[in-house]
Amino acid sequence: MAERYSSFTPGGTMWLLQRITAAFLIVVLAFHFFLLHFVNHADEVSFIVSAARMETLSYYSLMILFLVTATFHGVNGVYNALINQGLTGRKKQAVKTTLIVASVVLIVQGVRTANAWAGGVPL
Amino acid sequence: MSTQVPQQTDETDAETEPDAAEEPSKGDLRREKKAERAAEREREAEAAENAAAGGNTRELKVFRFDPEIEGKQEPRFDEFHVPFEKGMTVLDALIYARDTYDSSLTFRHSCRQAVCGSDAMFVNGQQRLACKTQLSELSEPVRVEPLPHADVRKDLVVDMEHFYDQMDAVEPFFDADELPEDELAEQRQSRQNREKVKMSTRCIWCGACMSSCNIAAGDNQYLGPAALNKAYRFAMDDREGEARKQERLEIIEQEHGVWRCQTQFSCTEVCPKDIPLTEHIQELKREAVKNNLKFW
Amino acid sequence: MASNTTYEHDVIVVGAGGAGLRAAIAAQEAGADVAIVSKLHPVRSHTGAAEGGINAAIRDGDSWEDHAYDTMKGSDYLGDAPAIEALCRESPKETIQLEHWGMAFSREEDGTVSQRPFGGLSFPRTTYAGAETGHQLLHTMYEQVVKRGIEVYDEWHVMNLAVTDEEDPTERSCHGVVGYEIRSGEIAGFRARDGVILATGGMGQVFDHTTNAVANTGDGVAMAYRAGVPMEDMEFIQFHPTTLPSTGVLISEGVRGEGGILYNDEGERFMFEHGYANNDGELASRDVVARAELTEVNEGRGIEDEYVHLDMRHLGEDRILDRLENILHLAEDFEGVDGLDEPMPVKPGQHYAMGGIETNEYGRTCVDGLYAVGECACASVHGANRLGGNALPELIVFGKLAGRHAAGEEFDEPEIETGKRGEYEDADFESPVTLGERAGDDAGTAADAAADGGEAVANPDAVLDVAVDREIDRVEELLATDGVNHAEIRSTVQETMTANVNVFREEEGLTEALSDLREARDRYTDVGVSDPSRTFNTDLLHTLETQNILDIAEALTMGALARNEFRGAHWRKENQIRDDENWLKHTLISWNDGDPDLWYRSVILEGENKRYEPKIRSY
Amino acid sequence: MSQSHNRGLIEDFGRWREFRAGMWAWIFHKFTGWVLVGYLFTHIAVLSTAIPASGQETAVLQAGDDVYTQTIVTLEELLLVRILEVGLLAVAVFHILNGTRLLFIDLGVGLESQDKSFYASLILTGLITVASVPTFLAGAF
Ligand SMILES: Cc1cc2nc3c(=O)[nH]c(=O)nc-3n(C[C@H](O)[C@H](O)[C@H](O)COP(=O)(O)OP(=O)(O)OC[C@H]3O[C@@H](n4cnc5c(N)ncnc54)[C@H](O)[C@@H]3O)c2cc1C
Ligand code: HEM
Ligand code: SF4
Ligand code: F3S
Ligand code: FES
Chain A
1 MAERYSSFTP GGTMWLLQRI TAAFLIVVLA FHFFLLHFVN HADEVSFIVS
51 AARMETLSYY SLMILFLVTA TFHGVNGVYN ALINQGLTGR KKQAVKTTLI
101 VASVVLIVQG VRTANAWAGG VPL
Chain B
1 MSTQVPQQTD ETDAETEPDA AEEPSKGDLR REKKAERAAE REREAEAAEN
51 AAAGGNTREL KVFRFDPEIE GKQEPRFDEF HVPFEKGMTV LDALIYARDT
101 YDSSLTFRHS CRQAVCGSDA MFVNGQQRLA CKTQLSELSE PVRVEPLPHA
151 DVRKDLVVDM EHFYDQMDAV EPFFDADELP EDELAEQRQS RQNREKVKMS
201 TRCIWCGACM SSCNIAAGDN QYLGPAALNK AYRFAMDDRE GEARKQERLE
251 IIEQEHGVWR CQTQFSCTEV CPKDIPLTEH IQELKREAVK NNLKFW
Chain C
1 MASNTTYEHD VIVVGAGGAG LRAAIAAQEA GADVAIVSKL HPVRSHTGAA
51 EGGINAAIRD GDSWEDHAYD TMKGSDYLGD APAIEALCRE SPKETIQLEH
101 WGMAFSREED GTVSQRPFGG LSFPRTTYAG AETGHQLLHT MYEQVVKRGI
151 EVYDEWHVMN LAVTDEEDPT ERSCHGVVGY EIRSGEIAGF RARDGVILAT
201 GGMGQVFDHT TNAVANTGDG VAMAYRAGVP MEDMEFIQFH PTTLPSTGVL
251 ISEGVRGEGG ILYNDEGERF MFEHGYANND GELASRDVVA RAELTEVNEG
301 RGIEDEYVHL DMRHLGEDRI LDRLENILHL AEDFEGVDGL DEPMPVKPGQ
351 HYAMGGIETN EYGRTCVDGL YAVGECACAS VHGANRLGGN ALPELIVFGK
401 LAGRHAAGEE FDEPEIETGK RGEYEDADFE SPVTLGERAG DDAGTAADAA
451 ADGGEAVANP DAVLDVAVDR EIDRVEELLA TDGVNHAEIR STVQETMTAN
501 VNVFREEEGL TEALSDLREA RDRYTDVGVS DPSRTFNTDL LHTLETQNIL
551 DIAEALTMGA LARNEFRGAH WRKENQIRDD ENWLKHTLIS WNDGDPDLWY
601 RSVILEGENK RYEPKIRSY
Chain D
1 MSQSHNRGLI EDFGRWREFR AGMWAWIFHK FTGWVLVGYL FTHIAVLSTA
51 IPASGQETAV LQAGDDVYTQ TIVTLEELLL VRILEVGLLA VAVFHILNGT
101 RLLFIDLGVG LESQDKSFYA SLILTGLITV ASVPTFLAGA F
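Taken in sequence, the protein lines are chains A, B, C and D.
The first sequence maps to residues 1 to 123 in full-length UniProt numbering.
The second sequence maps to residues 1 to 296 in full-length UniProt numbering.
The third sequence maps to residues 1 to 619 in full-length UniProt numbering.
The fourth sequence maps to residues 1 to 141 in full-length UniProt numbering.
Calculated from the structure, these hints are not laboratory results.
A couple of the hints might just be wrong.
[Claimed, not checked] Rough simulated footprint, nothing fancy, chain A against chain B, three-plus residues with beta-carbon under 8 angstroms:
# : region
1 : 214-220
2 : 278-290
[What the hints assert, rightly or not] Not close to chain B: a few residues of chain A, all C-beta gaps over 10 angstroms, as computed:
#  : residue
3  : Thr13
4  : Met14
5  : Trp15
6  : His37
7  : Phe38
8  : Val49
9  : Arg53
10 : Ser58
11 : Leu62
12 : Ile83
13 : Gly89
14 : Gln93
15 : Gly119
16 : Val121
[Claimed, not checked] No farther apart than 30 angstroms at their CA atoms in a straight line, the calculated lysine-lysine pairs in the DSSO-like style are these:
#  : chain 1 : residue 1 : chain 2 : residue 2
17 : B       : Lys196    : D       : Lys116
18 : A       : Lys96     : D       : Lys30
19 : D       : Lys30     : A       : Lys91
20 : B       : Lys290    : B       : Lys198
21 : D       : Lys116    : D       : Lys30
22 : B       : Lys61     : B       : Lys72
23 : C       : Lys585    : C       : Lys615
24 : B       : Lys196    : B       : Lys245
25 : C       : Lys420    : C       : Lys610
26 : B       : Lys198    : D       : Lys116
27 : C       : Lys93     : B       : Lys245
28 : B       : Lys72     : D       : Lys116
29 : A       : Lys92     : D       : Lys30
30 : C       : Lys585    : C       : Lys573
31 : C       : Lys610    : C       : Lys585
32 : B       : Lys196    : C       : Lys93
33 : B       : Lys290    : A       : Lys92
34 : B       : Lys290    : C       : Lys147
35 : C       : Lys147    : B       : Lys245
36 : A       : Lys96     : B       : Lys290
37 : C       : Lys585    : C       : Lys420
38 : B       : Lys198    : C       : Lys93
39 : B       : Lys290    : B       : Lys196
40 : C       : Lys573    : C       : Lys610
Note that the structure is predicted; figures quoted are calculated from it, not measured.
Where is the CB? At the ideal position from N, CA and C, for every residue including glycine.
Construct the entire structure; sequences and hints are all you get.
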C-alpha cells in the first residue's frame with residue numbers, strides 16, 4: 001500500500017470542508033426553503049420579484065455562496081460515496097474529472113442566472 | 001433432514017469396503033467391531049433424538065460448506081436438535097451437535113470464555129461470539145453462519161488473513177520515542193491516560209466488527225474498525241511521545257483510513273468486548289484534523 | 001522420501017502463548033533466525049485468559065529473596081532452588097521489560113505500575129493490568145513479535161518431534177518438528193538448525209471441569225515424552241478454588257485479594273469458622289482453599305450440594321468497577337449472575353499443571369537441542385503447588401533464557417540435572433495394569449523406529465524426513481478408517497480423571513482410573529476420522545490430540561498412585577501428611593519406548609546463598 | 001481477497017432485515033444526498049430561463065409573460081410537481097436533521113444515543129413534512 005505515508009491525500013481537508021459546508025447549509029437551506037415556500041409561495045414566483053431580491057448585494061452574495069457550497073458539498077458527497085463503493089484507478093480519475101466539470105458548469109450557469117436577475121453583479 | 005444421523009450411518013456402511021484390503025483375520029475383527037459400533041452409534045443417536053423429542057430442545061440451522069467434499073460444495077443449511085440446558089451457549093450447542101451427530105461440523109473455538117476471539121460467527125443475523133451468546137436469548141431456529149464478507153473455508157470457518165493484514169497495517173506495536181535508562185524503572189503513565197486507552201486495549205481480534213461494517217465490505221483496503229481502534233490504542237498512549245504519534249496519524253489518515261468510516265455504528269454494536277469503536281474512530285478523525293490545522 | 005516440503009530456521013518455537021513469544025523474541029535478539037509454529041494464531045493462546053497478575057519484587061521493602069522464599073514455601077518444598085531463584089531474580093526485569101513494551105498495567109496515582117496482594121505472598125507484589133493481565137501480556141508480546149518481523153506459521157499443528165534414535169534418551173538430539181497445516185492438510189517438516197523450544201501450554205483437557213482452553217491438550221508434553229524426555233511431577237495439578245460451576249470459567253484470585261469472602265450454605269465464613277486457615281482465610285494457598293470448599297460440600301454445607309458462594313458486594317461498586325470489572329462480565333455472561341447484586345457461585349476446577357517436561361533452569365531438556373518453557377515445562381519452580389501470579393513470570397523469565405540458550409548464547413553450567421544422569425533413584429512401582437503402548441501398536445518417534453528394528457538414521461534431514469513420513473502415514477490411515485470417534489474416548493478419560501484423580505485421591509480410585517485409561521487406550525487403536533476432508537479437519541486434529549491426552553493422563557495417574565503422601569496440591573487419603581523423610585523428591589516418568597518407567601530425583605533445596613529448610617506450611 | 005463467498009440467496013436477500021439503525025441512517029442519508037444534488041442541477045437548469053427572460057421587455061416582465069415566470073407558473077400548476085416538492089422537502093428535512101446528527105457524532109457528542117437520534121430525525125421529518133403539506137399544495141387545486 002504505497003499511499004500509506006502520503007499525508008498529502010486531502011482526505012482530512014475534504015472531510016472537514018464537507019462538515020463545514022454542511023453546517024453552513026443547514027442555516028442557508030432552511031432560510032431558502034422558508035423564504036421561497038412559506039414567506040413567498042411557490043406559485044407566486046415571478047421574474048420581477050426574484051430580480052428585486054437579487055439586486056440586494058447581501059442576498060446576491062448569500063445565494064452565490066449557497067450555490068458554491070451546495071455544489072461542493074453535493075458533488076464531493078457523491079464523489080465520496082463512489083470512492084466508498086471501491087472506485088479506483090482510471091475510473092476514479094474519470095469520475096473526478098466529470099464531477100469537476102459538471103460543478104464548474106453548474107456554478108457558471110448559476111452565476112449567470114443570478115446576474116440575469118441582478119442585471120450584472122450588484123454593486 | 002432433521003439431523004445428521006441417518007446420513008452418518010450410510011457413510012459407515014459405505015466405508016467398510018477399503019478395510020477388506022487388510023489381512024483377513026484382523027479385518028474381519030475390525031468389521032465386526034465396526035458393525036457393533038455403528039449399531040451402538042445408532043442407538044445413541046436415537047436416544048439423543050428421543051431425548052430431543054422429549055421437549056426441551058433447540059433447533060439449530062447451521063451453514064455447511066466444504067470445497068472438497070462432494071455434496072458439501074454447494075452451500076447448504078443443516079438442522080440439528082440439541083437438548084437444552086440452562087446456561088447453554090451457542091458454542092455448547094455446536095459442540096454437542098458435532099460430538100453427537102456429525103463430527104465433520106467445523107468451527108474454531110478454544111477458550112470458551114470470550115478471550116481468544118476464535119468463534120465470532122453470524123448468529124441470527126448478527127456477528128457474535130458463540131461462547132458468549134446464551135441460547136436462551138435467541139429466537140428459534142437459531143441460524144448459525146460464518147462471518148459475512150470473508151471467504152468461507154469450511155462450514156463456520158472463515159479466512160482471517162485479510163483481517164490480520166489490516167491489523168498489521170497500522171503498525172500495531174508500542175514504540176516509545178525514548179525509554180527510561182534504568183531497566184528496572186517503568187515509564188510513568190497517569191491513571192487518566194490508562195483509562196483513556198483501556199477499552200481500546202481489550203480487542204481480541206475476533207473480526208466481528210470488520211464483518212459488520214458495510215464500508216469494509218465494499219472497500220477491501222479500508223483499514224476497518226479493529227485496526228483503527230488498534231491505532232487509537234497507541235496514538236492516544238502518552239508513553240509513546242509526539243514523534244511517533246505523528247507517524248501514527250499519518251497512517252490512519254491514508255486514503256483507506258479513518259475518512260472511510262461513515263459512522264454506521266454496527267461495529268460498536270457487535271463488538272463483544274464493548275469497545276466504543278465509532279467513538280475512537282471519530283476521535284482519531286478530529287485528532288487528525290486538529291493536527292493538520294496546525295500546519296496551516 | 002526427500003520430497004517433503006521443509007521449512008528451515010535456526011530456532012523453531014512451538015506454541016505462541018506468553019512463553020513461546022518471549023522465547024522467540026529472545027532468540028531473535030540473540031541473532032537467530034526464528035520461526036514460531038502454533039496451532040492457534042498467537043493472540044488466541046490461552047495466556048490471554050490469565051486474569052490476576054505477575055509476581056515481581058520491584059518495590060522498596062520487597063526483595064527477590066522474599067519472593068523466592070514465598071515460592072519455595074508455596075511449593076511445599078518440592079521446587080528446585082536454582083530454578084526458583086532464577087525466576088524471582090529475573091522477574092522484576094522482565095516485568096518492567098513488558099512495561100517498556102507498552103503493556104497497559106494498572107497505575108498508581110504517581111504513574112507507577114500497581115501491585116496487589118495475592119495468596120501465599122508476604123508482600124503485595126502481584127503486578128496487574130485490571131483483571132486481564134494475561135490478555136495484555138499476550139497482546140503486548142505478540143505486538144513485539146510483529147514489530148520484529150518474526151515469522152509465524154499459525155494454524156499449524158505440530159504432531160511430533162524429529163529426534164534421533166539413540167538407545168539412551170540423553171544422547172538423542174532434536175532436529176525439528178513435523179507440522180500439519182490445519183487449513184490445507186499439508187504435512188511438512190520444520191528443520192531447526194539450533195534448537196526446538198516447546199511452549200505448548202497447559203493440559204487441562206485431561207479433566208472435564210477446567211479453566212483451560214479446549215486447545216490445551218498438553219501436546220508438547222506428550223511429544224517430548226514419547227521422544228524420551230521424562231515427565232516430571234505430573235501428579236501435581238492445581239485445582240483453582242473459584243471457577244464458575246457451569247463452564248469452568250475462572251473467577252480470579254484478585255477477587256479474594258481485593259477482599260472477597262467465601263460463604264457456605266449456612267452463611268458461615270468457613271475459611272475461618274471451620275478453621276481451614278485461621279490467619280489468611282480466603283487468601284490461603286489455592287490447594288488449601290479448594291480442599292476447604294470440597295470438604296464443605298462433602299459435609300453437606302455446599303449450595304445445591306455443588307458449590308459455595310464468593311461475595312464481593314461489600315467492596316462497593318466503585319472499587320469493583322475499577323479493579324474487577326472483568327469479573328462482573330464473566331459472572332454475567334457465563335453464569336447469569338450479577339456480582340454487584342448477589343454472591344457468585346464457585347467451585348474448584350482444574351487450573352494448572354505444576355508438572356511437565358523435565359528441564360533445567362535454562363529450559364533445556366535432556367535431549368540435545370530440545371527446550372521447553374511455560375506451563376508445559378517443569379523446571380521446577382512450582383513444586384507441589386503454584387502460587388497465584390507465578391506462572392506469568394515463569395513464561396517471560398524462562399522464555400527469555402531458553403530463547404537465548406537455543407540461539408547459542410553462553411551460560412554457566414546448570415545446577416539442575418536432566419534425564420537419567422547423575423543421582424537418581426529407580427522406583428519400585430508396580431502398576432496394577434499394563435501401561436503404555438503394547439508392542440506392535442503405533443510407534444511414536446523416530447527413536448521407536450530404531451527400537452523396532454528400523455535402520456539407524458543420524459543425518460538431521462533424514463531424521464526429519466523419517467518423522468514426516470511416519471506422520472503422513474498416520475494421517476492417511478486415520479482418514480481412511482472410520483472407527484471409534486475420538487470424542488467418546490476423550491470423554492471417558494475426562495470422566496475417570498475427574499472422578500478419581502481430582503482434589504481428593506485414594507488408591508482404589510487411582511487404580512480404577514489406570515484401568516479405565518488402559519481400556520481407553522485399547523479403544524484408541526480403533527480410532528478413526530469420519531470427516532475425509534483435508535480442509536480444516538478438526539475431527540482429525542482432535543483425534544491426534546486425544547492421543548496426547550491419553551499419554552498424559554496415564555503418567556499423571558501413575559505419579560499420583562506412586563506418591564503416597566500429602567504434599568501441596570496432591571492429597572492422599574492413605575497418608576494425609578507431608579512425608580519429608582521419603583518424599584522430598586520429584587517423580588519422573590520416562591516413556592522408555594512404550595513401556596513407561598517411574599523414577600525419582602531429590603529436590604534441590606540448596607539456594608545460591610542459603611538452604612531452604614522445609615517448614616510446616618500454614619496459612 | 002475478502003470478498004464473501006457466494007452464498008446465493010442468503011447473501012443477496014434478507015440481509016436488509018438485519019440492518020441496524022446506523023446502517024439505515026447511512027443509506028437514507030446517501031439517498032437523500034443524491035436526490036438533493038440531482039435537484040440542485042435541475043433547479044439551476046430551470047432557473048436559467050431567467051437569462052433569456054432578462055432580455056425581454058419590462059412590460060412583458062411586469063405582466064409576468066416572460067419565459068422564466070411562465071415556466072415556473074406552468075410547472076407549479078402541475079399537481080405532480082407539487083407532490084414532488086413535498087417529497088423534496090421530506091428529503092431535504094431528513095438530510096438536514098440526520099446531517100446535524102452526523103455533525104454531532106463527528107464532534108463526539110451523543111454517541112451512545114445515536115440510534116435514538118436517528119429515529120428522532122425520522123419522526124421529525126415525518127411531522128414537518130405532514131405539517132407543510134397545506135402550504136405546499138395551496139393553490140394547486
Ligand atoms: C483462567 C486462567 C487464569 C490464570 N491466571 C493467572 C494469573 O493471574 N497469573 C499467573 O501467573 N498465571 C495465571 N494463569 C496461568 C498462566 O496463564 C498459564 O500457565 C500460562 O499462560 C501458560 O502460557 P504458555 O505460554 O505456557 O501456554 P499457552 O498460552 O497456553 O500457549 C500455548 C501455545 O501453544 C500452542 N500449541 C499447543 N499445542 C500445539 C501443537 N501441538 N502444535 C503447535 N502449537 C501448539 C498453542 O497454539 C498456543 O499458542 C492462569 C491460567 C488460566 C487458565
Ligand atoms: C442543509 C444542510 C445539510 C447538511 C447538515 C448536510 C450534511 C451532510 C453531511 C454531514 C454529509 C456527510 C456524510 C458523510 O460523509 O458521512 C452529507 C453528505 C451529502 N450531502 Fe449533505 N447536507 C446538507 C445539505 C445538502 C445539500 C443541499 C445537498 C445537495 C446539493 C447535499 C448533498 C449531499 C450528498 C450528495 C452527500 C453524500 C451522500 C453520500 O454519502 O452518498 N447535502 N451531508
Ligand atoms: S474491536 Fe471488538 S469486534 Fe473488533 S476485533 Fe476487536 S474485539 Fe472483535
Ligand atoms: S461499522 Fe464501519 S462505517 Fe465506521 S462506525 Fe463502524 S467502521
Ligand atoms: S471460544 Fe474463545 S472467544 Fe469464544
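Evaluated hints:
1. 214-220: Per the Cβ count (4), the hint holds.
2. 278-290: Coverage by chain A holds for the region 278-290 of chain B (3 residues, Cβ < 8 angstroms).
3. Thr13: Given a closest Cβ separation of 7 angstroms, the condition is violated.
4. Met14: Given a closest Cβ separation of 8 angstroms, the condition is violated.
5. Trp15: violated, 5 angstroms
6. His37: holds, 31 angstroms
7. Phe38: For A:Phe38, whose nearest Cβ neighbour in chain B is about 32 angstroms away, the distance exceeds 10 angstroms, so it holds.
8. Val49: Per Cβ check, A:Val49 is outside 10 angstroms of chain B; nearest 41 angstroms; holds.
9. Arg53: holds, 36 angstroms
10. Ser58: holds, 29 angstroms
11. Leu62: holds, 26 angstroms
12. Ile83: violated, 8 angstroms
13. Gly89: holds, 12 angstroms
14. Gln93: The claim holds: A:Gln93 sits with its nearest Cβ about 14 angstroms from chain B, beyond 10 angstroms.
15. Gly119: Since the minimum Cβ distance to chain B is about 39 angstroms, A:Gly119 lies beyond 10 angstroms and the statement holds.
16. Val121: Non-interface label stands for A:Val121: nearest chain B Cβ at 30 angstroms, farther than 10 angstroms.
17. B:Lys196 <-> D:Lys116: holds, 26 angstroms
18. A:Lys96 <-> D:Lys30: holds, 18 angstroms
19. D:Lys30 <-> A:Lys91: Status holds; Cα separation ~21 angstroms.
20. B:Lys290 <-> B:Lys198: holds, 23 angstroms
21. D:Lys116 <-> D:Lys30: holds, 19 angstroms
22. B:Lys61 <-> B:Lys72: holds, 15 angstroms
23. C:Lys585 <-> C:Lys615: holds, 16 angstroms
24. B:Lys196 <-> B:Lys245: Roughly 15 angstroms separates the two Cα atoms, so the pair holds.
25. C:Lys420 <-> C:Lys610: With a Cα-Cα distance of about 27 angstroms, the restraint between C:Lys420 and C:Lys610 holds, given a limit of 30 angstroms.
26. B:Lys198 <-> D:Lys116: holds, 27 angstroms
27. C:Lys93 <-> B:Lys245: Answer holds: C:Lys93 to B:Lys245 is near 27 angstroms, not above 30 angstroms.
28. B:Lys72 <-> D:Lys116: It is violated: about 43 angstroms lies between the C-alpha atoms, which goes past 30 angstroms.
29. A:Lys92 <-> D:Lys30: Given pair A:Lys92, D:Lys30 holds - Cα atoms ~19 angstroms apart, limit 30 angstroms.
30. C:Lys585 <-> C:Lys573: Distance of about 20 angstroms is within 30 angstroms: holds.
31. C:Lys610 <-> C:Lys585: holds, 19 angstroms
32. B:Lys196 <-> C:Lys93: holds, 27 angstroms
33. B:Lys290 <-> A:Lys92: At roughly 28 angstroms apart (the allowed maximum being 30 angstroms), A:Lys92 and B:Lys290 satisfy the hint.
34. B:Lys290 <-> C:Lys147: holds, 28 angstroms
35. C:Lys147 <-> B:Lys245: Holds. C:Lys147 to B:Lys245 sits at ~16 angstroms (cutoff 30 angstroms).
36. A:Lys96 <-> B:Lys290: holds, 27 angstroms
37. C:Lys585 <-> C:Lys420: Holds, because 14 angstroms separates the two Cα atoms, which is no more than 30 angstroms.
38. B:Lys198 <-> C:Lys93: holds, 24 angstroms
39. B:Lys290 <-> B:Lys196: Cα-Cα ~19 angstroms, so holds.
40. C:Lys573 <-> C:Lys610: violated, 34 angstroms
Hint violations for this structure: numbers 3, 4, 5, 12, 28 and 40, all remaining hints satisfied.
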